[in-house]
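Chains as they are written, first to last, in this note's numbering: chain A, 2 to 438; chain B, 2 to 438; chain C, 2 to 438; chain D, 2 to 438.
Each hint should be verified, as a subset may be incorrect.
Since the list can't tell identical chains apart, any single copy or any two copies may satisfy a pair.
What the hints assert, rightly or not - Straight-line Cα separation of at most 30 Å, DSBU-like style, residue types lysine-lysine; simulated pairs: (1) K250 with K25; (2) K250 with K152; (3) K339 with K25; (4) K329 with K69; (5) K152 with K327; (6) K69 with K318; (7) K318 with K25; (8) K25 with K69; (9) K25 with K315; (10) K327 with K25; (11) K69 with K339; (12) K69 with K315; (13) K315 with K152.
Calculated directly from the structure, the hints in this document are not laboratory data.
Protein chains: 4
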Amino acid sequence: MLRDPVHNYIYIQHRVILDLINTKEFQRLRRIKQLGTASLVFHGAEHTRFTHSLGVYEITRQICDNFKRNYPSQTAGDGLWDDRERLVALCAALLHDIGHGPYSHTFEHIFQTDHEAITAAILTNPTTEVNQVLRAVGPNFPEQVASVIQKTYPNPQVVQMISSQIDADRMDYLLRDAYHTGTKYGTFDLTRILRVMRPYHDGIAFNFNGMHAVEDYIVSRFQMYQQIYFHPVSRSMEVILGHLLTRAKEIYSDPEAAHGAAAPYLLFPFFQHQFDLEDYLLLDDGTLTTYFAHWRQSSDPILSDLSHRFLDRKPLKSAVFTDQTKAKLPLLRSLIEKAGFNTQYYTDTNNSYDLPYDAYDPKMKKPLTQIELMERDGNLVELSTVSSLVNAITGKFTGDQRFFFPREMIHPEPGNVDLFDPIYNQFQQHLHNDNII
Amino acid sequence: MLRDPVHNYIYIQHRVILDLINTKEFQRLRRIKQLGTASLVFHGAEHTRFTHSLGVYEITRQICDNFKRNYPSQTAGDGLWDDRERLVALCAALLHDIGHGPYSHTFEHIFQTDHEAITAAILTNPTTEVNQVLRAVGPNFPEQVASVIQKTYPNPQVVQMISSQIDADRMDYLLRDAYHTGTKYGTFDLTRILRVMRPYHDGIAFNFNGMHAVEDYIVSRFQMYQQIYFHPVSRSMEVILGHLLTRAKEIYSDPEAAHGAAAPYLLFPFFQHQFDLEDYLLLDDGTLTTYFAHWRQSSDPILSDLSHRFLDRKPLKSAVFTDQTKAKLPLLRSLIEKAGFNTQYYTDTNNSYDLPYDAYDPKMKKPLTQIELMERDGNLVELSTVSSLVNAITGKFTGDQRFFFPREMIHPEPGNVDLFDPIYNQFQQHLHNDNII
Amino acid sequence: MLRDPVHNYIYIQHRVILDLINTKEFQRLRRIKQLGTASLVFHGAEHTRFTHSLGVYEITRQICDNFKRNYPSQTAGDGLWDDRERLVALCAALLHDIGHGPYSHTFEHIFQTDHEAITAAILTNPTTEVNQVLRAVGPNFPEQVASVIQKTYPNPQVVQMISSQIDADRMDYLLRDAYHTGTKYGTFDLTRILRVMRPYHDGIAFNFNGMHAVEDYIVSRFQMYQQIYFHPVSRSMEVILGHLLTRAKEIYSDPEAAHGAAAPYLLFPFFQHQFDLEDYLLLDDGTLTTYFAHWRQSSDPILSDLSHRFLDRKPLKSAVFTDQTKAKLPLLRSLIEKAGFNTQYYTDTNNSYDLPYDAYDPKMKKPLTQIELMERDGNLVELSTVSSLVNAITGKFTGDQRFFFPREMIHPEPGNVDLFDPIYNQFQQHLHNDNII
Amino acid sequence: MLRDPVHNYIYIQHRVILDLINTKEFQRLRRIKQLGTASLVFHGAEHTRFTHSLGVYEITRQICDNFKRNYPSQTAGDGLWDDRERLVALCAALLHDIGHGPYSHTFEHIFQTDHEAITAAILTNPTTEVNQVLRAVGPNFPEQVASVIQKTYPNPQVVQMISSQIDADRMDYLLRDAYHTGTKYGTFDLTRILRVMRPYHDGIAFNFNGMHAVEDYIVSRFQMYQQIYFHPVSRSMEVILGHLLTRAKEIYSDPEAAHGAAAPYLLFPFFQHQFDLEDYLLLDDGTLTTYFAHWRQSSDPILSDLSHRFLDRKPLKSAVFTDQTKAKLPLLRSLIEKAGFNTQYYTDTNNSYDLPYDAYDPKMKKPLTQIELMERDGNLVELSTVSSLVNAITGKFTGDQRFFFPREMIHPEPGNVDLFDPIYNQFQQHLHNDNII
């Protein structure tokens, strides 16, 4: 029974779960922030993947309890809940994020790592403590748990608990991120949703009378993406981080070169793309920031400056561009170049689609992700066909595309540059109300 | 206007405050946890000193607003609030913790650093960004702000806002730690307390009709200390951390010895007690845990094992002892030694007084720390003389003394040791219900 | 300073406001429930119009404070806030509902009263305590306050504080009704909305960067209407109440007839439609339920039965019908008649439009009700043109039409009737999943 | 599944419970406020005994669930929980307050009614709907449920769920009253307390490791009594109510006298102390206030004035007196008499002990009310012997004694009286800081 600010308490009822929490692979998650660079925008959101993973476990436990009480399977294949599935569901819930590394999305992008493959490896590789705990349950148990996370487990109810449009993962992170950022948008009625969830042959459906609670969850998720996860400053800090790691990779690519005392030894395997699981598990947020602290004093001015910008939170500025105004980017880049910045490291574009947003869209190719409401007579209807609110959001979100550039282009710093150089004025003429015009 | 989970929003109304937040010294606080090892017990409590410092600022801002609205000074020396003091109060509030390093209490103890002296240095040393921002306000301003934190500033109202029995610092950390741990004990009615606070000649008093709100704050503080700050597992992890740093200091004391690639270069100045401000400011929680990750592979078995115990959260066990049962400790230590543990590194004692607990005690020598209630006719009465609840707590808390020892003494691990060695049985006979008997 | 569960505290800063609260007309609001029959569905929602009125006052006070701090008028006609308008705004906010009687909507419908006209009368009629307090401010002050409520006051900023798409009235009742019902749908970020509100020439606009908070408010309102205010059981209890009062009016229409000891003397003026203000102010929820308790024993079986159904909460059942299935109603009514019920008193239809729903629709004829966002350059854009969420809701809500009938038609009570009478079976064949088919 | 603001949802799992809620006796509780006159001080606290009764039911249900899961009885007499007791516990929880009438404490005092006896009567008298529902469970079931409420039921676990120092009744009202008043004092960790509650042979104990949660509950209760339940203005309104009913009883004592149209027919049985259960069940808060509205126009000036003071909330003022200053009361009364007030109706004294406060005192004669903590080895220790906080409160609270008098004595109203009459000045000389001196 662990105290938790979101779920009040987290109830541990199996020895296996306790042992998994106590593995070094799971404890490592304490050192990896859940929200990455978004914590640099929402200062309360310093919680980690450790905390979130416990929450996903707890929601899954509650789902199992509800299913067991209200929908216990009587005969195999009746589409109801077989409580012997509980342990595999709970383990998958707890471990679903265990392969994440520091600042996952950016790190993966630069070093071609794959947190899903690593998750599977941590579960199934006999060298890990996690594997040892799982193996004690049964020889195939590690693979079973991994297959739930990989969505290949035969029982769709178990798979959908952990990954579907309304799963324990999303429900926990929305509530938790809302709690720690202090926003109110992410809240929805978890109790009610759990109450109207029900197993059926093809997975999990929701009783029709719970439609409003489901609707509210979808709207909350939409708002959290728009306001927290896609925040321009958070995306800007990710741009800096990516460029910083790219620069480091370039500089340290020659392992033979003497790199001196403060070399980033733990990153070398990644610079050379020759890492194993053990190398990966040594990394956490603190490892990266410790190297960045070293690099502040690097003789490479770009590495040093980008380290400073990341550690001291000096975001790039950004402006929205459209397919129409995109043509202006080369001109803007040339002005930035003239102002003395290497545009490879000091500009970038991204759109909010780069992030793993999964707006609810029943027209997508994976039909399992639909949210099905079950009417009193057992008939299923897809949510967006009965909810005007959800229908309004479905498949329509377009996000924004942004061009990132140094703040100095609009606030040139006296002393360093000629404030009256016409390039600044020229640059600013192309911006209006945070848009490129 | 920053969103904050505890105060809803934090309002920044001066350019100086914004500039201070943007200094590298202040941003560093994002990488230092507020609760240190307690976050290993209360998993939600991963918030940092950065977040807390903003909260102290915000409460101070609200106090100033209330004082300005309701008790504006008309003539010098009338004991009311002179709003020209606002900026020095706000800066002191924001910066009061800026000298803290990683796991401050333990770190200070091992390396004889002093976070208060370092705070003063960060404010007044011309090399820091903080000093530059403050100096721009006025040549003496850095020293003024430092003197508020050092309690030597002439206006006691300003000093007491930041440090007294009911100050912005304590009020923020109680509310914030309660919020992030998910406990309910730390909550009290901040709005009401701010409303009944009032300036007078000797500092800050409280209107008599707010007694219950003040009483509730005192009780909340008492409960938070008993349940969060003095938690035995948190203290146990501090013991491990202290021994780990001591061991490292011992091993790395000879700087000439070749320490190989992964040596803790950033800690060398501290091992040799020859550090300057810049050395200090390079450290954060991540630096320490990164070195611990290196040390896991150390050839020194104690350094390696303690690193593992800290990173993977393997607390020592503990038992309460009294002045009577204290005599048993040598015997217990000798059994632990026999079981193969170096007792210098694997046992310890501490009592909850080691922590900076400041139970409200009007009989202490610093009379300023009394809480004074002001009756309608201006008369002052000390809180514990009118509140039976506070009176009950005042000066009576005794805490507990604990002996820490390896978990293996009560749960010997099969494979490593002879489970039937009589020393384990012998050891356990001296324990009952977490007490040494 | 009154403690309030929604706003924490309500600050009274003018003697006039305190005096208005202490009038008998305002105290009467303590005896009139805010939500009428909805409190019979959401049992926590037993709060009154008194409490809500204080909340509207408090929000208005906060708006005035924000406007005064951030947008103080410098010269007449500059479109900013003139704080001399504060008192008239506060009084209008506090008194905007003072003309409400018990179960207003139903009562008005049956007795042709008009709470808006009565509000104006209470403010301007020299016999009331409210008028006396207002008149003490200035001879025209009562009329000024009344004109704010009637939307004829010249300053549109003051009018829109109290009545517009996002006014103090709606913001308080959404938050308060959500709090007391225990739903989470009604919550939105009041602090943020107040912060982005700003005066301009034509009234009140919102800074563009607050769009998401405004959007969330609109969605919350939509959800509260769908789930709380339009709840079918609440509407069913209103149907019973209306029929009960109609029956009483019929029975007691002859004042000469001897009605015995327990006659509803306080209602006679309304039965005869010859009431004055004093008659009206004697009524409250308790008056009605006291008469209903008397009428339980009435010799008129319909009056007695409907009194019982209302007091003991025996709602009629209901089913949705459409323009297509509407043709079935005569048949259903005839079956109900056959089962022994007077269909005039035991059936009804209504749709959720009967309730004062004000879905945000910028295409409506009253252009003032648009929500305008102000961009950084002062340009105004209407909310639904930039928010896909709001656009989705705008003017599209259609509600439902329901037919109400006695529960006995689907659950005939043994003993009273012939359970095997084919009319029950026949009736039920036309219903499926709460719809008429 | 009913939505509840305090417990989120209330789960109805037995048909009997639903049927009990639907009885007219239980629905009547919707019209009786939980806090009586305290709602005139804390305006949000307008909730009723209906709502509270549902909450007590829900907490009891959760206790039963916990007991069943964690402490199921294996053999008769093993001191664990026999789940066949569930239904009697739930019914007793739901119905424990069903005998309450309007403003119970005052009403009982004036009319010598006894809500406990009436509760028993409602349960066991065959004329009530409640009795009919209970009897359907078993012929002795009504008596069994009644005996739980009367504490004579043989199983002490069931009795203590409903009435003991930490029972479902107190836990619900503290949380609920705190929620609706908006105070924070009444909150405590219900989940944790339920988790550490456990059955044993002599009733219910608490696991030792839950001590802090129990302690916090005791402190919260203490604070709620001091700040909400003993509030002087609430007690003052009770004084007015008592005098008003006394006066009415006097005036209407002669039933033969013609009392005109607006006579309080429903109260006659009580004026003559010849009432039966049916008479009692016709009364609610609204009945009384409706008569008070009638009496406003009474020709008896005291009845009329007290009705006005109660309905329009014009509390008497009060001052604290001690055993020393008690001697001043005759003098003060004579001055009040001189000022034209009938002191029998316009003055009173009471102390906070008049209210049913049950400060936790293990020295009281009823040993069952002790709170026992169970150590790991099964040993029981009484709470105040191990908690310094609880020890501080135990049996030490003394409350205050107050003298109530007309506000006009300190704020004489111009026009009515001679403001310069020396009696006012004389009267005020005996008061200082709300104390009689």
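Note to self: Which constraints among the numbered hints does this structure fail? Numbers only, ascending.
What the structure shows: Failing hints, ascending: 2, 4, 5, 6, 8, 10, 11, 12, 13.
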